[in-house]
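Chemist: Dock chains L, E and S against chain P, hints included.
Number of protein chains: 4
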Amino acid sequence: MIKAAVIGASGYIGMELVRLLLMHPDAELVAVTSRRFKGLRVGDVLPHLQGFTDLRFEDVDVTDISKRADIVFTAVPHGAAMNYVPKILENAKVVDLSADYRLDPQEYERIYKKKHEDPRTAVYGLTELHAAEIKEARLVANPGCYPTGAVLAVAPLVAEGVVAHIVFDSKSGISGGGAEPSERSHFPNLAENIIPYNITKHRHVAEIRMELARLAGTPATTPKVSFTPHVIPCIRGILTTAHVLLRDDASVPTPEQLKGLYERFYEDKPFIRILGERTPSLSYVRGTNFCDIGFWVDEDAKRIVVVSAIDNLVKGGAGQAVQNMNLMFGLAETTGLLTPSLTP
Amino acid sequence: MIKAAVIGASGYIGMELVRLLLMHPDAELVAVTSRRFKGLRVGDVLPHLQGFTDLRFEDVDVTDISKRADIVFTAVPHGAAMNYVPKILENAKVVDLSADYRLDPQEYERIYKKKHEDPRTAVYGLTELHAAEIKEARLVANPGCYPTGAVLAVAPLVAEGVVAHIVFDSKSGISGGGAEPSERSHFPNLAENIIPYNITKHRHVAEIRMELARLAGTPATTPKVSFTPHVIPCIRGILTTAHVLLRDDASVPTPEQLKGLYERFYEDKPFIRILGERTPSLSYVRGTNFCDIGFWVDEDAKRIVVVSAIDNLVKGGAGQAVQNMNLMFGLAETTGLLTPSLTP
Amino acid sequence: MIKAAVIGASGYIGMELVRLLLMHPDAELVAVTSRRFKGLRVGDVLPHLQGFTDLRFEDVDVTDISKRADIVFTAVPHGAAMNYVPKILENAKVVDLSADYRLDPQEYERIYKKKHEDPRTAVYGLTELHAAEIKEARLVANPGCYPTGAVLAVAPLVAEGVVAHIVFDSKSGISGGGAEPSERSHFPNLAENIIPYNITKHRHVAEIRMELARLAGTPATTPKVSFTPHVIPCIRGILTTAHVLLRDDASVPTPEQLKGLYERFYEDKPFIRILGERTPSLSYVRGTNFCDIGFWVDEDAKRIVVVSAIDNLVKGGAGQAVQNMNLMFGLAETTGLLTPSLTP
Amino acid sequence: MIKAAVIGASGYIGMELVRLLLMHPDAELVAVTSRRFKGLRVGDVLPHLQGFTDLRFEDVDVTDISKRADIVFTAVPHGAAMNYVPKILENAKVVDLSADYRLDPQEYERIYKKKHEDPRTAVYGLTELHAAEIKEARLVANPGCYPTGAVLAVAPLVAEGVVAHIVFDSKSGISGGGAEPSERSHFPNLAENIIPYNITKHRHVAEIRMELARLAGTPATTPKVSFTPHVIPCIRGILTTAHVLLRDDASVPTPEQLKGLYERFYEDKPFIRILGERTPSLSYVRGTNFCDIGFWVDEDAKRIVVVSAIDNLVKGGAGQAVQNMNLMFGLAETTGLLTPSLTP
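Chains as they are written, first to last, in the working numbering: chain P, 28 to 371; chain L, 28 to 371; chain E, 28 to 371; chain S, 28 to 371.
Isolated chain P, as found in the complex:
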């Protein structure tokens, strides 16, 4: 049994980690922390977990916790993780769900306007693209929710070197904004609406660019990236519409060629489902670790529209973190994660 702890277990990502770890056949949840709820039983704070664990929330003592755990998940705001991670790593492996270790430290400081206190390198935990490194890693930086849906949608095309520019237009459920009430999450503001935000300046674009550059391999074949996030009146899920503009010198693939390309690229990737011209639906991934991908070719415009759907709290967060844990401990990556979606 892998002994697992969650730092920051009362937020949405933390709650979801607790849910997944409690159901995991080869993991045991040994500690959960919450400053706000320390001392209280998990089931009293989070009634949906009543009956599933007798744990109480603890205060954050990372040294103590790391000694009791084989792996610690840090589900805390960016800027906080970098203070915990070095100490945890002395005793346990870490999957960090904050933004602190996703980017090159200089890039991090530029984007997050904050000095990096622990500029070490982590493995970027977009599991399908970095499985070999993750297996060897002691520190995995779990990707942002938007980058997960965006990069997986276009990786096969970018790796081919045929893409000039990608306009990502992403639509997220509001749970991505966290458990704290806000103007944006106020029901009368979001219901009967869709809210674009951080237009031209969402920080997740840096992760997307980093990964697409790696995939392309050369500056010449690295596409330009535009990214616009929206929140929609739904709780879970991210649907990413990727408008992929091909290079002038690229030939436009047929739908069949495209399907072949994606199927080869994602061969043996159990959480990627290639739907061809069937439309991905947030309903089909709700509560799951799947990323469903569909695509349409617009030959005249040398454009391919790729649509991906994930559950932002699972594949876009806690599920991918557990998938990474599985690899870090030599388990099949699907362990504890292969469940059908809650549909309808």
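The set of hints was computed from the structure by calculation and includes no laboratory data.
Fair warning: there could be bad hints in the mix.
[Stated by the list, open to error] Heads up, simulated DSS-like pairs for lysine-lysine below, C-alpha to C-alpha not over 30 Å straight-line:
no., chain 1, residue 1, chain 2, residue 2
1, P, Lys94, P, Lys30
2, P, Lys251, S, Lys228
3, P, Lys141, S, Lys329
4, E, Lys251, L, Lys329
5, L, Lys251, E, Lys228
6, S, Lys329, P, Lys329
7, E, Lys140, L, Lys286
8, L, Lys251, E, Lys286
9, L, Lys329, E, Lys141
10, L, Lys286, P, Lys65
11, S, Lys286, P, Lys140
12, S, Lys286, E, Lys65
13, L, Lys228, E, Lys329
14, E, Lys286, L, Lys228
15, E, Lys228, L, Lys286
16, E, Lys251, L, Lys286
17, L, Lys65, P, Lys286
18, S, Lys65, E, Lys286
19, L, Lys329, E, Lys228
20, S, Lys228, P, Lys329
21, S, Lys251, P, Lys329
22, S, Lys141, P, Lys329
23, S, Lys251, P, Lys228
24, E, Lys251, L, Lys251
25, L, Lys114, L, Lys94
26, P, Lys329, S, Lys140
27, L, Lys228, E, Lys251
28, S, Lys228, P, Lys286
29, L, Lys140, E, Lys329
30, L, Lys329, E, Lys329
31, P, Lys286, S, Lys140
32, L, Lys141, E, Lys329
33, S, Lys286, P, Lys251
34, S, Lys329, P, Lys228
[What the hints assert, rightly or not] Where chain L lies over chain S, by a calculated footprint (3+ residues, C-beta under 8 Å):
no., segment
35, 215-225
36, 259-273
Quick reminder that beta carbons are idealized off the backbone N, C-alpha and C, glycines included.
Modeler: This is chains L, E and S only, laid out in the frame that chain P set:
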């Protein structure tokens, strides 16, 4: 391994049965039927199940299917089940999710305006109230979604004989209306709305009355029952607000007495969670087989307000059917069903 | 032109008053206040009003404002209004939308746990029931949103003296909770849910009891009242399901008799629409001052189910306030208020 | 008084026309048709209009109706309008809300796969861009809902000749799909979801291309157009996110220059509100004829993100039709249309 088949597997209840049976550690799904989709692979018709089964939908040949199965779930419209069940019972056990075997046949004919072709007696599958009979049964009539939430909410009080009248005001997600588009399920009609329907004449009231009479034991202590269903703009879940008016000669319990009463009544019932004065939430039961119950005492009015929350497709349908299957085959009733809700 | 001012114009009720007054043919909006936004242009704070007024929010100087206005609407929290109203009344008429003047002062202090600083009597502004007094009033206490829908639903029956007990089960859009984000209004908490709250102790029940006692005329014919509010995942509207239990000695009316009773009671009341057994819909009253009422007779149970639908911000707040203003200034009560709903 | 008739008045666009015409100070609604509901009173079929008109739905006799009207609105499916319009034009003016007269007839036949029976030229009724022609027109082809939001969002930039490619990513409320229940409008399919559809092949793209070519003036400066529609879980409104990629030889404007450009282009256009970097909201245009526009400059990517919000049934349909009627009869274009949105 219990070999299980689902007749009518493409509707919402049928889909949910498939989901639960595919995840069940001691059951194997051996056949699913759908007139409309016969011959097609389950994962092609229901994309969220892609990768979880290689079964194809079959036409309904109940004799053939019942020979390959230990148990058959009939998730078909009322009136259809009574034509299938006698043949299935020659070879296999049955949990019928239609209304055909829930009521006394005369009562059935009065309520459903239809001759009963197979007036045999079944065990009413409200698991918490009929476990002993269910263990011995070959035919279990799975309760309606509304009666499940309503009866469980008030059973301890009715069994005490202190109740004069119960006004059930129930609010259901629209998935209870099925997978076929209708006026009521048309998004612009239901969103930003709540729709009361079948006021004073919903057929589920007969089941509620039947069960409450059994619990009360005598006509004198059997409460009057009023029942008003509404659909709310949500997919899953039934919240039942039971306004329980006590008899003039009854003493009003304190909240602590009430909690004690409920906890004793539902002792060792793993799917009943007694919340006291905490408010049940559809979120806490989403995707689960739990029934969460809270209650409030209005001493002046000799009234108790009981609120229950269930997932209409799970505890109100497919989950309770699997819970019944577990008992019918000597398994722990929780087998394959103990999962935390998808919250948020 | 009636010169009108709104104290507390940046909340939902205040905003709605501004909308209605800007469209009113015989009123001119001369001042709006907001502590938080003082000095800012209305259209800059509330973009949907951009282009409709050049007013700026002012700080609350009630003496000054009351000198510039013929009528002042106080859309402020309870407890605040009683400090403003006496000064305003020296110069102008008042429609108070807080709870401060709705109840007898002793009852107010008991319910709101707060000393009443200005224990004067106001006219209760449930327009259809108090039109004659409202025409003569200088101070009208605008009713709460729930009492408006609840009392109008049952008034004709209560006035007949045939009712023993009414169980009001009310469902409100979340805008009734105001413009400030809260746990309850947090989208992931309310979406896919319905939340009962303040069970057995919502303060609006006092208003309902007061009005029903007036209608009944004698203690013996005054019904018992139970009231349970819920919020539903929608923005606007209150649907009230009134379960009316008749007295043992009352005869149960036929649907036709009931329709006759309601039509006579509400004769010449332009905002009451009697639907008979057609179901009221929040959609049909959205944005309007109508109260739609339907009813169903359950002869066996000596019960009548009455369903009413209002827009909580209009008939349940700002619209009724303007309706009262119209009467206070000798206008037709429909002036500026007769618009079809925004359907769908 | 302008005598107005609506052919096809029981659909969503038709209902909205009826609502607007009933409130219009200078128009009188003289006839409404509906095959399905002929003979029935409008208020009995559409309860929200009860009390606003005594009209009954008539069968479609266009000659008769056109003799009683000064203007006829044809709110019928494409393919049907072309059979009615020639006859109506003998007696009355027409605003056609179908697709039949929007495109060049050859283009129409190519896109709609249907022979055009009446290949006459109409004025394209995107009011802000064609006001002068509309004033003189007897036949106006009212634009599609998506083209209205899309073209208005980018017209000033396209007219400058600086745009290489525009990726329109549009999100619409489901009322755009009409009053008939469908798979897409089935609540469990749309709630908690967002559904892209007709990817790379929605027919409205032809209108967008036509208008942008007119604005650009020359083939060389006409941008490439990509268009992807989605339905979101809301009733009304279209939010269009226009990703505008500038030509390599164009200089990127500052936000201030952009604001100046838009304000000049839309000077004296009362329904266009330029928000700068404030985010348009469906809430602010709900029930209104406004088109709110915001924009953000991404200098590095030579990209401008323009976001527009309209109510698809008003500015995207019935409201713009009335705006066109106003011009066709010499009225101010705002007559009967200047109302604040229903917010929240």
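Chemist: Taking 30 Å as the top limit, are the C-alpha atoms of Lys286/S and Lys140/P close enough?
Modeler: Within the cut-off at roughly 29 Å; holds.
Chemist: If you count the residues of the segment 259-273 of chain S with a beta-carbon closer than 8 Å to a beta-carbon of chain L, do you get 3 or more?
Modeler: Since 3 is at least three, the answer is holds.
Chemist: Straight-line Cα separation of Lys329/L and Lys329/E no greater than 30 Å?
Modeler: OK: Lys329/L and Lys329/E at ~20 Å, within 30 Å.
Chemist: Is the coverage entry for the segment 215-225 of chain S by chain L consistent with the three-residue Cβ rule at 8 Å?
Modeler: holds (count 4)
Chemist: Would you mind confirming whether the straight-line C-alpha gap from Lys251/E to Lys286/L stays at or under 30 Å?
Modeler: 26 Å, holds
Chemist: Take a quick look at whether Lys141/L and Lys329/E sit within 30 Å of each other, Cα to Cα.
Modeler: Within the cut-off at roughly 28 Å; holds.
Chemist: Lys251/E and Lys329/L were given as a pair; does the straight-line alpha-carbon distance stay at or below 30 Å?
Modeler: 10 Å, holds
Chemist: Check the hint pairing Lys251/L with Lys228/E against an upper bound of 30 Å on the C-alpha distance.
Modeler: 25 Å, holds
Chemist: What's the verdict on Lys286/E and Lys228/L, does the C-alpha distance respect the 30 Å limit or exceed it?
Modeler: 19 Å, holds
Chemist: Can the restraint linking Lys329/P and Lys140/S be considered satisfied, given a maximum Cα separation of 30 Å?
Modeler: With a Cα-Cα distance of about 24 Å, the restraint between Lys329/P and Lys140/S holds, given a limit of 30 Å.
Chemist: Just to be careful, I want the Cα atoms of Lys228/L and Lys251/E compared with a cutoff of 30 Å; is the pair within it?
Modeler: 25 Å, holds
Chemist: Does the alpha-carbon distance linking Lys65/S and Lys286/E stay inside the 30 Å limit?
Modeler: 27 Å, holds
In this structure, every one of the numbered hints holds.
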